[in-house]
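Protein chains: 2
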Amino acid sequence: MSMSTTPPSGFRDFLPQTQAARAKAIEAVSRVYRSFGFSEIGTTCVEELGVLLGKAGAENEKLIFKILKRGEKLELSQGTDELADLGLRFELTLSLARYYVRHQSVLPHPFKVFNMGPVWRAERAQKGRYREFWQCDVDMIGSDHWGCEIEVIQAMVSAYQELGLGCPTVLVNDRTLIAAVFDAAAVPAEKRVEAMILLDKLDKLPEDRVLADMTALVGPEAAKSIRERIVSAEGDPERLKSIAPQALAKLDRILKALAGVFGERDKFKLAPSLMRGLDYYTGPVFEFKFPGLAGSVGGGGRYDGLIGKFSGRSVPACGGSIGLERLMLLLESKQAASAGGPQVCVTVFAEELRERSLKCATVLRKAGFSVDVYPGARPLRDQFKYADARGAAFAVVLGPDEAASGKVKVKDLKSGQEWLEDEGSAARALRSRLA
Amino acid sequence: MSMSTTPPSGFRDFLPQTQAARAKAIEAVSRVYRSFGFSEIGTTCVEELGVLLGKAGAENEKLIFKILKRGEKLELSQGTDELADLGLRFELTLSLARYYVRHQSVLPHPFKVFNMGPVWRAERAQKGRYREFWQCDVDMIGSDHWGCEIEVIQAMVSAYQELGLGCPTVLVNDRTLIAAVFDAAAVPAEKRVEAMILLDKLDKLPEDRVLADMTALVGPEAAKSIRERIVSAEGDPERLKSIAPQALAKLDRILKALAGVFGERDKFKLAPSLMRGLDYYTGPVFEFKFPGLAGSVGGGGRYDGLIGKFSGRSVPACGGSIGLERLMLLLESKQAASAGGPQVCVTVFAEELRERSLKCATVLRKAGFSVDVYPGARPLRDQFKYADARGAAFAVVLGPDEAASGKVKVKDLKSGQEWLEDEGSAARALRSRLA
Chain A
10 MSMSTTPPSG FRDFLPQTQA ARAKAIEAVS RVYRSFGFSE IGTTCVEELG VLLGKAGAEN
70 EKLIFKILKR GEKLELSQGT DELADLGLRF ELTLSLARYY VRHQSVLPHP FKVFNMGPVW
130 RAERAQKGRY REFWQCDVDM IGSDHWGCEI EVIQAMVSAY QELGLGCPTV LVNDRTLIAA
190 VFDAAAVPAE KRVEAMILLD KLDKLPEDRV LADMTALVGP EAAKSIRERI VSAEGDPERL
250 KSIAPQALAK LDRILKALAG VFGERDKFKL APSLMRGLDY YTGPVFEFKF PGLAGSVGGG
310 GRYDGLIGKF SGRSVPACGG SIGLERLMLL LESKQAASAG GPQVCVTVFA EELRERSLKC
370 ATVLRKAGFS VDVYPGARPL RDQFKYADAR GAAFAVVLGP DEAASGKVKV KDLKSGQEWL
430 EDEGSAARAL RSRLA
Chain B
10 MSMSTTPPSG FRDFLPQTQA ARAKAIEAVS RVYRSFGFSE IGTTCVEELG VLLGKAGAEN
70 EKLIFKILKR GEKLELSQGT DELADLGLRF ELTLSLARYY VRHQSVLPHP FKVFNMGPVW
130 RAERAQKGRY REFWQCDVDM IGSDHWGCEI EVIQAMVSAY QELGLGCPTV LVNDRTLIAA
190 VFDAAAVPAE KRVEAMILLD KLDKLPEDRV LADMTALVGP EAAKSIRERI VSAEGDPERL
250 KSIAPQALAK LDRILKALAG VFGERDKFKL APSLMRGLDY YTGPVFEFKF PGLAGSVGGG
310 GRYDGLIGKF SGRSVPACGG SIGLERLMLL LESKQAASAG GPQVCVTVFA EELRERSLKC
370 ATVLRKAGFS VDVYPGARPL RDQFKYADAR GAAFAVVLGP DEAASGKVKV KDLKSGQEWL
430 EDEGSAARAL RSRLA
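Note that the protein sequences, when read in sequence, are chains A and B.
This note's numbering numbers the first residue of the first sequence as 10 and each following residue consecutively.
This note's numbering numbers the first residue of the second sequence as 10 and each following residue consecutively.
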């Protein structure tokens, strides 16, 4: 008779306290994005499989949760490998590109946009990696000016600050810089993706190991040249100046402007080994790090080629994504998360007084409190227990004496102290005690 | 090269203005639910197919978007009809029941909970009926007291009020009342579901037509008895008192308490023909209606049997759901929706003054404005055009003269009027003009 109550592997339920912290974080990020003039949009969780595959390519196809065809279409496909027609989105940027091309005639130009919601990946679930997780994306479409990078990064950094996390370390790099390094080292075109994958491992593996692999891939001279320009340049950007002066000047402007706005010069850094994914980025890329948490908590970059896949016409774009799951890890470690229960529980003394209790709760809610009314008919003692278990600070009692005299009895559930308040001024009194 | 940009049939993109209105509504409903002491939880969008099918039964199986198995599991299933292992949730209550049984040892008792998010149904898409849509559920689990019904209905009505829609008409009925009417009319058990389906059509079809069908189903005498007790009782509940005194007394208490709290006696009504779905409700059911919008905008009821499907142990529960799509229809018709763009655009006079503009925007954001900084490098005229197209009320200009004197030039984009403000007091001046 009974059914399993565990969600599928890699999927999570959220208990009230966790959900309250998530909702608070989502709300804060939205508020900050909105304060920068980004407009929220909504895109579908489900996309045509062709849209998802067109972007993902064969290697990413395994990431996609595919949705079975229905009815007659399914019957006609039985025995073929075309059993699915739809799929769950595995990121938000792809849906944004589709959305932009579809709606561009009615959208402002450039288009400042944010989009938040769940995405799904059919990866093997493991600690810290889920199959359903949230992204908080912010993008600017239609401009190739580096002002976009500043705006996107500034909004994201401000979101971390709003959540009490302070300013992250912001690492920036540029795809054209990496290309110039490969040009200077004469790395053949067909080896560049692999070389980038190797460089991407620099923050996970020892430098020697990465360089040995690089030597095996491109030969000792090219590896030495890459090493000098990328690894050593972390501390000395001058080594890059001769080969990519323009890209370097652009990154310098972005870094200087951001350091000026936030007044934290040492938090904004050029990182020539930063790769940040491998497929659609075409210009500056960036990543955010906080001490004590390995890996990044968000990042992004310029992707001037993606939208053209839908429109056939290239449209410049740049954007970033805050990963909610990493963000929540940070917030938990800062104990910035807070509870989700009511602040006040109004008890029900007797059935004939329930309406009085309901009215009293309504007044307290209008004053801004989260208020619970005991739903059943149990002795006051049990109602106090319930209020305490829900994490309320106060219980309010409205017995016949109080009701007759326009008073309420308030019980501080921590100290056990009880006292009478005028019903009209109870909200003010509770607020001053909570503060 | 170019790909389709239309979302799948029945799925929708939301433009910024629509999304802003949706986000505002979702936020308002959450705020009200929370103010009643309901705690938000998060459940997974994807459930094991067994969980979804266990509840839905064969007739609802077609509603489910099923997710294809992956890798080896898929290969082993080729040619069978067990190609899927997961599915998208088609409602939130089922996930809540699973969640409650899984986590009940750490949840308060009774559990006051809300859950909002998208659900998916593989129905044929048609005007006003979508395949991806949002529900805003609120529930109380673990108590069979009618105080739960009051609390749930009061929270939902307050949400409509918070959104500026006023108090809806609230219709209530009780499954035990319907059962008593069928008992009194001696309707055989096997015909009761069909009889309920017929009665459910009373608000769509003419009464005569429904009664003719009822006569064909249960015979003239039973049909007459049902008619007297259900149709005629809408105006005269006394006709029901003799056969279901307890159910009627309970509904009367719920209606009186709610009418008292909201001070609108004529909005809370007994509706003996209200059926409200057919499967899991066991006690009181309720529905909300607004003039000018056919059908309901939300509703719910008591479902004391559902949770037992997971735990094997019956747990009383009652809850309701506000359908976001219907809610948005109402809000649009009230023109209560509002835009999502920035209020102020700060222009960039020249590259060397960009940092000044960024700082000015930061000050305005801290004062609570939504502020855009022009991202590119275009003449001021174009920047004003952009600001206007984004719906901003003001543009701010920081030229070399203004920067040197600590002033900003403000342009009212509607009137075209321009004037100087001290940079420090600009926020206050803009606020008083917006008000």
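Be careful, since some hints might not be right.
No distinction is drawn between identical chains; accordingly, a pair holds when it is met within one copy or between any pair of copies.
20 Å max Cα-Cα, derived PhoX-like pairs, lysine-lysine [claimed, not checked]:
(1) Lys368 x Lys265
(2) Lys71 x Lys82
(3) Lys278 x Lys210
(4) Lys298 x Lys368
(5) Lys276 x Lys416
(6) Lys375 x Lys298
(7) Lys368 x Lys276
(8) Lys368 x Lys213
(9) Lys259 x Lys276
(10) Lys394 x Lys423
(11) Lys298 x Lys265
(12) Lys394 x Lys278
(13) Lys298 x Lys200
(14) Lys33 x Lys343
(15) Lys418 x Lys394
(16) Lys394 x Lys82
(17) Lys33 x Lys259
(18) Lys265 x Lys276
(19) Lys71 x Lys278
(20) Lys343 x Lys259
(21) Lys233 x Lys210
(22) Lys33 x Lys210
In short, the hints are calculated from the structure, not lab data.
Note that the structure is predicted; figures quoted are calculated from it, not measured.
**Prompt:** Checked against the structure, which of the hints given earlier come out wrong?
**Reply:** Structure breaks hints 4, 5, 6, 8, 12, 13, 16, 17, 19, 20 and 22.
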